[in-house]
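Asker: Here is how the chains run, residue by residue.
2 protein chains.
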Amino acid sequence: MTAPGTLYGLGVGPGDPELVTLKALRLLRACPVIAWPANPEGHSMARAVVAEWIHPGKIEVPIVMDFVSKGRESALAAYDAAADTLAGHLAEGRDAAVLCEGDPLFYGSFMYLLERLAGRFPVAIVPGITSVAACAAVAARPVVSLDEGLTVLPATLPEDALSARLAATEAAAVMKLGRHLPKVAAVLDRLGRAEGAVVVVRAGHEDQRVLSLPEALSEGVPYFSLLLTRNRP
Amino acid sequence: MTAPGTLYGLGVGPGDPELVTLKALRLLRACPVIAWPANPEGHSMARAVVAEWIHPGKIEVPIVMDFVSKGRESALAAYDAAADTLAGHLAEGRDAAVLCEGDPLFYGSFMYLLERLAGRFPVAIVPGITSVAACAAVAARPVVSLDEGLTVLPATLPEDALSARLAATEAAAVMKLGRHLPKVAAVLDRLGRAEGAVVVVRAGHEDQRVLSLPEALSEGVPYFSLLLTRNRP
Chain A
1 MTAPGTLYGL GVGPGDPELV TLKALRLLRA CPVIAWPANP EGHSMARAVV
51 AEWIHPGKIE VPIVMDFVSK GRESALAAYD AAADTLAGHL AEGRDAAVLC
101 EGDPLFYGSF MYLLERLAGR FPVAIVPGIT SVAACAAVAA RPVVSLDEGL
151 TVLPATLPED ALSARLAATE AAAVMKLGRH LPKVAAVLDR LGRAEGAVVV
201 VRAGHEDQRV LSLPEALSEG VPYFSLLLTR NRP
Chain Y
1 MTAPGTLYGL GVGPGDPELV TLKALRLLRA CPVIAWPANP EGHSMARAVV
51 AEWIHPGKIE VPIVMDFVSK GRESALAAYD AAADTLAGHL AEGRDAAVLC
101 EGDPLFYGSF MYLLERLAGR FPVAIVPGIT SVAACAAVAA RPVVSLDEGL
151 TVLPATLPED ALSARLAATE AAAVMKLGRH LPKVAAVLDR LGRAEGAVVV
201 VRAGHEDQRV LSLPEALSEG VPYFSLLLTR NRP
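First to last, the protein sequences are chains A and Y.
Taking full-length UniProt numbering, the leading residue of the first sequence gets 1, the next gets one more, and so forth.
Taking full-length UniProt numbering, the leading residue of the second sequence gets 1, the next gets one more, and so forth.
This is chain A alone, in the form it adopts within the complex (with noise of 0.2 Å):
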């Protein structure tokens, strides 16, 4: 009977090829099976990130989803189908790398392929580079400190749980920003906390850029753009 293979949820960080951990690399060579999100147009983020190290002969699992037009349980389906995938090869002892943007488990879709397949074959995880460090990086400011607290949350709550949360701590990072910027800066104001606030947008990629809030209310700012603001200086 053949040893199942491992199943790799690899962190491949926000962007930066060099933001890849010597562990992802090692992994990426060598495991025969390598699956990556995908959007509509079969594009996939994770897979650009470490394309130069994808050699031929790999066998190729992309995970196509259309959350947007679609909605969740098309998804929720694509990921079944992909996890059946999976455990076939995983079953004839082939290892199979998942590439997740960021880290597998900081708001990563790589949970829906380990609640499928955990369990049944041996799982390992590599971290990634988070796009709150990625973000507090590029703009050379400490995200939190000493005995501070930091929350973290997406720009999509509502604009009431997004302000109760967001006077309750010392230091905070507002991800998925977008259209959902107008809201938040609002909070930050009434908050008196809109000043020492910055926008970091596309980090990791050779057009990042660090905006004020006047700034980035002013120009508009995609959907992955974070916010990072601290009560300290």
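Hints are computed from structural coordinates only; laboratory data are not their basis.
C-beta: ideal position from N, C-alpha, C; glycine also.
A hint or two may mislead.
To be verified - So the derived list for chain A, only partly shown, Cβ under 10 Å to chain Y, looks like this:
| hint | residue |
| --- | --- |
| 1 | D103 |
| 2 | V123 |
| 3 | V132 |
| 4 | A140 |
| 5 | A164 |
| 6 | G192 |
Dock chain Y against chain A, hints included.
Answerer: For chain Y alone, kept in the frame of chain A given last:
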């Protein structure tokens, strides 16, 4: 006139040399000056992680601190002295890399050097794998997902502050457990969140372990342990 060197804050991750990024490794090899925090005995966790890549001939700048017996003022004096030494090298055009456990800006002491040297010299920060991501990977469980918020807290906070913050969040990571674990456990117990919590000890090291809360309480855990809790299963 010589162009000044760049100050690099290099995140080296939680302890496993393989969790260093390609970028941190490249800069570590390229910089002629390497600084690292050390305890009073001269041991440096950050240096130990990357020791195999520090070639002879580097100028090394140990930053020896003794918070415990000599207090905060003495530690700040150590940063003043290190900043002076590094400023000398930077002014003469030598790039200097400061090694940082985990991520330089996530509860890191790098910010003391950043505030002393930023503005005077070019600064670049290489983000690292945080203890939160490393511990979640070891435990193979999601930190946070979808529209949940994540709160990161030091266990050193007073019991009522811990309780209020943990009651208000879907997911949490509590750091620096050590002798504060019974206090954290009591808070989680009252909130009905003790059952799903896990404690990760020495993530990224060979003897890393995942414990339930009762196991952790029974055997005690070191200061650098981390608790993960999440409302969802």
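Asker: Hint by hint, note whether the structure agrees.
Answerer: How the hints compare with the structure:
| no. | hint | verdict |
| --- | --- | --- |
| 1 | D103 | holds (5 Å) |
| 2 | V123 | holds (6 Å) |
| 3 | V132 | holds (8 Å) |
| 4 | A140 | holds (6 Å) |
| 5 | A164 | holds (7 Å) |
| 6 | G192 | violated (20 Å) |
Of the numbered hints given earlier, the model fails hint 6 alone.
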